[in-house]
Each structure stands twice: as C-alpha cells, then as structure tokens.
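S.K.: Now for the letters of each chain:
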Amino acid sequence: MWQVRPLSAADLGALEALLHANPLRLSTLPAVRDQLAERIAGAEQGFAGLDSDATLLFGLHDGDGNLLGVSGIQPFAGGDEPFYSYRIDELVHASRHLSIHQRQSVLYLSHELTGLTSLCSFSLTPALRETAAFDLLSRCRLLYIAAHRHAFADELVCEIQGVWDDDGQSEFWKNVGELFFGLDFITADHQCALHGKTVIAELLPPYPIYTTLLSDKAQAAIAQSHPGAQRTVDWLEREGLEKTRFVDPFDAGPTYRGLLEKMHSMNTIQPFSAQRSGDPGADATTWLLATGEGSEFSCVLAEGSLQDSVFISRDPGAEDAPGLALPLESN
Amino acid sequence: MAIIRPIAEQDLDQLIFMARESGIGVTSLPDNPDLMRQKLSRAVASFQQKLSPEEAHYIFVLQETPDGPPVGLCGIEARIGRDEVWYNYRLGEVIQASKALGLYRRTLTLFLSNDLTGATELGSLYLREPNRRNRNGSVLSKVRYLFLAAFPELFSERVIAEMRGYSDASGHSPFWEGLGRQFFNMEFSDADFLTGSGDKVFIAELMPKFPIYVPMLPKDAQSVIGEVHPHTQPALSMLEAEGFRKNGFVDIFDAGPAVEAELHRIGGVRRSERLHVRIVERPGSVETLRPEWLIGNERFATFRGLSVSRIHRDGPQIELTPDEADALQVSAGDPVRVMNLKPQEPQDG
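So the sequence lines, in the order shown, correspond to chains E and B. First residue of the first sequence: 1, per the working numbering; consecutive thereafter. First residue of the second sequence: 1, per the working numbering; consecutive thereafter.
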C-alpha cells in the first residue's frame, strides 16, 4: 500500500538514488547528498511550522517503507528572494508611412510570479508513472494545502520542464543563458541546484530578448514542455490551471497558473469526521485520504464511500481519524 | 588646380545627374530629383543665412576649371538630428559577475541612441569617377576644414562623419541580414534608398528599441560591426590621419562606424594658417604638379577654396598670382587661410 508522508532524514539515501534514476533532472532538487540533507532538514522545519518559506517535500513510500517518489510545495515562490521568469510579450513594429506591420515577440525578465505557491520537485520512479501513484503523489499536495490553507498563497503556479535533447542540453539555454554565462545547460542547472535558482537568474541578461534573434530551434522551444512531463501538464489542465505567458528563464519550459479556489480538486475535497471499516456499498470508489497535520500529515489511496461525513473504508484496518477526502476519478 | 565653391541654384541639373550616377551606397545622394531639389534649396538658403545656423546644411561643389561644371560635392550638416530624429547604435557592454560562481563575463551590446544629436556632420562626399585624380577627393574632403576653421561659431565642437559599413560585392550587408532584416522584410538596398530619401527615421522607428546582445547575432553580422566598406577604407584612413577616431557609435542599418573629432583638434583645422594676400606676377607657373595645398578665402556666402601645388609665403603674407586671386575672388590685403593637404604626422610624410 502506497503512503505519502513528509520526507525525513531517514529517506536521504533513498532520495538520492531516486533522483539519480530519474532521467528528468530537478533544478530544485540536486542529486547531491549534502544538498539533499539540507533540503530535507529545511522541509522538516516547514512541516513543523518553524519556517513558513521552506519548501515542503513529500515522499511516496510502499508498504515496506521504500521511497518511490517525491513531490514538493514551495509555499511562496522565490521564498524571500525574487522568483525569475521570462514573460512572453509582443511589440508591433509598424509604420503607416512604409505600410509595414510586424509583430515581434519579446521576452521580458519578470518577478510577477514571486510569492505565489509553487508545486515543484516532482519525481516518481518510472515504473509507477502510469499508475494511480502519480495522482496520489501529485494531488496529495492539494490536500495538504487545503488542510493548511493559511500557509499558502491564493494562486498556484507550476513550472514544467522545457525541451531538452538526448544529451540533456537545452537549445534555448544555448541561445540565451550560455551566451552570458559561458556554461552549458547541465553545468548551469547543477549550479542552480547548488546555489539556488535566484542566484543564477540574477546573472541573466537584464534587457528584453527579441526572440526573432534566436535560432529556429530555440524559438520553437519557448513554452514547450518536455514530453516526459505530459502527464503533469494534462493533470494541471484538468485542474483548471492555464498555461501562462511566463516561461522558465533557463529552458523556457511553460508555467501553469491558477487560483486555488477555482481548482477542480480543491472544490471536490470533502472533510470527514471519522473513518470506519465496513461495507462502503455500491457507490464505493477510490479516494485520496489525507489525515494529520504538519509533520504528521499522511495521504493514502482508499476504497470506500462518504456517508454522513464518515468515511466507510473497505480497508479492515481503517484508522479512526478525521481528515480530507478527494475522489481519485474526480479529474 | 581645383576650385571649390558653395553650391548654387544653377547646379541643380548637374546635382541630379550626379545623384543618378552615384548609385546605391551613396546614401546621401538618392536618385530622386525632388529630394535633390530640396537639398539644393536648403544649402542655398544656408549660405544666404535664411536658415538659423543650427538648421544649416552647407554643400560645396568642386570644379576643375574656373568655368567648368561641378564634378563633385561635399557637405557639412551644422547640427544633426534637429529636424528628424538621429539614430545610432552605441556599442556598450554588460558585465555579469559572481564571486560565488567564479564568473566574470562581458557581453557586447548595441544600444539604440540619439546621442549624436546636435553634432556637426561631414557628409555627402561624392566625386565623379573620371575626376578622381589630382587629389580631388582629398581636396573635397579637406576643404571643409578651412570652412570650419573660418567659422567655428557656426558649428558644434563635436564633429562627426558616418562611414559606409561593410557590404559584399552583391550589395548585401551581413549586419542588415542579421538584425534589421529580422524586424522587417526589406532588402538592404531598399532600406538604404529610403534612408537617403529622408525616410531613415521611419525605418529607425521599426528597429528594435531595446538593447541588442551582440552574441545573439549571426557571426558574420557580429564581425562587421564598426567595420567600413572596403571602398570606404581610404576615406576612413584620411579622416583618422586628421585626428578623427571611431567613437563607439555605428549605423543602425549596416553598422558602419561613426568617427569623431573635436573641431579645434582636427588636424586640418590646427595646421591651417591665416595669411594676407599679396598679388605677384609669376609667369610660367603652370599647374603640372599634384596639389599640396588648399587655400580658402575666409568668406561665408562667397566662400572659395583652391588647391595649388605650392605656395609662396613671405612671413604673414602669401603671394598669389592674379589667376589664383581671381579664382579665390580676393584682392591684395585680403585674408586667406592655407592648409597643407597632408597631415603633419611623420608617418604620412
């Protein structure tokens, strides 16, 4: 049985192995042991309510306690630093006199998304990517937010990984960042993981970028998500988040954004006052069940039904605790 | 000998002819009779002081004989950017540095600028092909120093010249292809023509307003920034020998460099000398040698310049033959300004 709970120091070795096995690098979670230990310690502070800026990290475990995946929430994007994006904008270069009218796409550095709540650091062992474990690990975060609503912003963003080639290089980076840093994408990404993204982003060119001056491939990569992130994109769209005009300043991956109160899952979450083992009846279905607060948070998949705000679970060992329920098939 | 004088109404046909003949590349002389007529009117009005000194655009023509047709011209724009906005790219750089990352990077940038507004510009230099002899090109270029030296109060202390940028044998400008072309689909020759036609400002307004990061341009575009067309190299060398230096501004279309000097530090201005005329008969002084000297008559509306192979100087006085005095329209006792055509740097000896 899968269970999501806050990552702890005991997960360190398993987390490092998980990240190494994942072909999609996470710029928010470097596969470097010391760094991971720090991130986990930070997350523990966050769960304990001691640091409201700390990125919260959730671990998906199987019944034997093996770590199968990780996901995160940054309560306020950028933390206490600016959060960098490029905003895709357009300028019309026109002359009545010369009968010329041309739209020019321009990328502006922007801090607009600073302070929004960011879903981040998602990594799931490949074998489980097409299973309900994906939903559990993704959406458990919404249950956590619902249970601790005051600790988060009203709007949610999610940065999707951009297009990288088979060698892990980004054509967009090659045309933009590399000109200014002299570092290839993999090196820069690693530096981001080590020093934090903001430290690197502060070194990005301050003036807007005319996309027409980039290579065709780099232009095509703007706001394109990596094929490996398609399931996340589909999920976000079902939730009602929209693709924005903001892209990641490093690989130009798209950013999705939406109001929490309008998200499908947020509106289908139902509180329950207790759980009972029993026969859930004919309308039994699979739910995400979240119980506990802060460091005690836990989220599992359970078959059952809600009757008079009591969750009747087919599981004979159901814990008698209050919590939040979210139907798996609701989106 | 060559005579240089202010352009006049009767030169219109020859001006239109030279504009047609000059072809693409001589941006200041578009093949457009109406524009040439306007240009001429403005120059005539400038010499008649019907325009304010700031609005003036002086054009001089060169003729090889006292009664010959004009075969070349040169101009001085008193103040650029006065009646329409003057654009250049200014070469700049952005530094990215981080001690934590051990990073220090310089990135060249092009900033769209109007910074040269108000400078005096030397321009509109053209000499007909058959008349490119006897240092006429040098004479046309340098006679302007005599005028600047005589009337410095009419000009900016900041004197510039814009040099034609690099384009290949078929007229393609790599800089235009790499930058301007990306913003509107127009051939360089068309843009260049519009520029000369007074439409430069319209094109400039279509150009990118934010700074351009040079490394984002194609390599061949990067490599011609601040470089002149091969045919313009001699003109650049001549200006450099007179103290002009590239000033970090380039043309927004072809990235040709602007060069600049302070008026009073221009070589020709500094080495020019004011002398007084004595008329002396000197039989047999037929001009067979290449000219070495320029003489100007220190007058404004009736300015005359004359190139001669030698001068006969006697202290503060200069001896002119009656023919020379006629060409310069001066009499005994009048002041003239003389200037050796060659800069005084030893390497040019």
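These are calculated hints, taken from the structure and not from any lab test. Check before you lean on any hint, since a few could be wrong.
[Claimed, not checked] Straight-line Cα separation of at most 30 Å, BS3-like style, residue types lysine-lysine; simulated pairs: (1) B:Lys246 to B:Lys99; (2) E:Lys174 to B:Lys99; (3) E:Lys243 to B:Lys342; (4) E:Lys217 to E:Lys174.
[Stated by the list, open to error] Here chain E is said to cover these stretches of chain B; the calculated rule only asks that three of the stretch's residues, wherever they fall, bring their Cβ under 8 Å from a Cβ of chain E: (5) 98-112; (6) 210-218.
None of the values given here were measured: they were computed from a predicted structure. Cβ coordinates follow ideal geometry from the N, Cα and C atoms, glycine included.
S.K.: Each of the hints needs a verdict: does it hold here or not?
M.R.: The hints, checked one at a time:
Annotation: proposed proximity of Lys246 (chain B) to Lys99 (chain B) is violated, straight-line Cα distance about 34 Å (limit 30 Å). Between Lys174 (chain E) and Lys99 (chain B) the alpha-carbon distance is near 23 Å, which keeps this suggested pair within the 30 Å criterion. Of the pairs offered as hints, the one joining Lys243 (chain E) and Lys342 (chain B) is violated, with about 68 Å between alpha carbons and a cut-off of 30 Å exceeded. Between Lys217 (chain E) and Lys174 (chain E) the alpha-carbon distance is near 10 Å, which keeps this suggested pair within the 30 Å criterion.
For the segment 98-112 of chain B, the assignment as covered by chain E holds, since 7 residues bring a beta-carbon within under 8 Å of that chain's beta-carbons and 3 suffice. Coverage of the segment 210-218 of chain B by chain E holds. Counting CB-CB distances below 8 Å, 7 residues qualify, and the rule asks for three or more.
Of the numbered hints given earlier, the model fails hints 1 and 3; all others are met.
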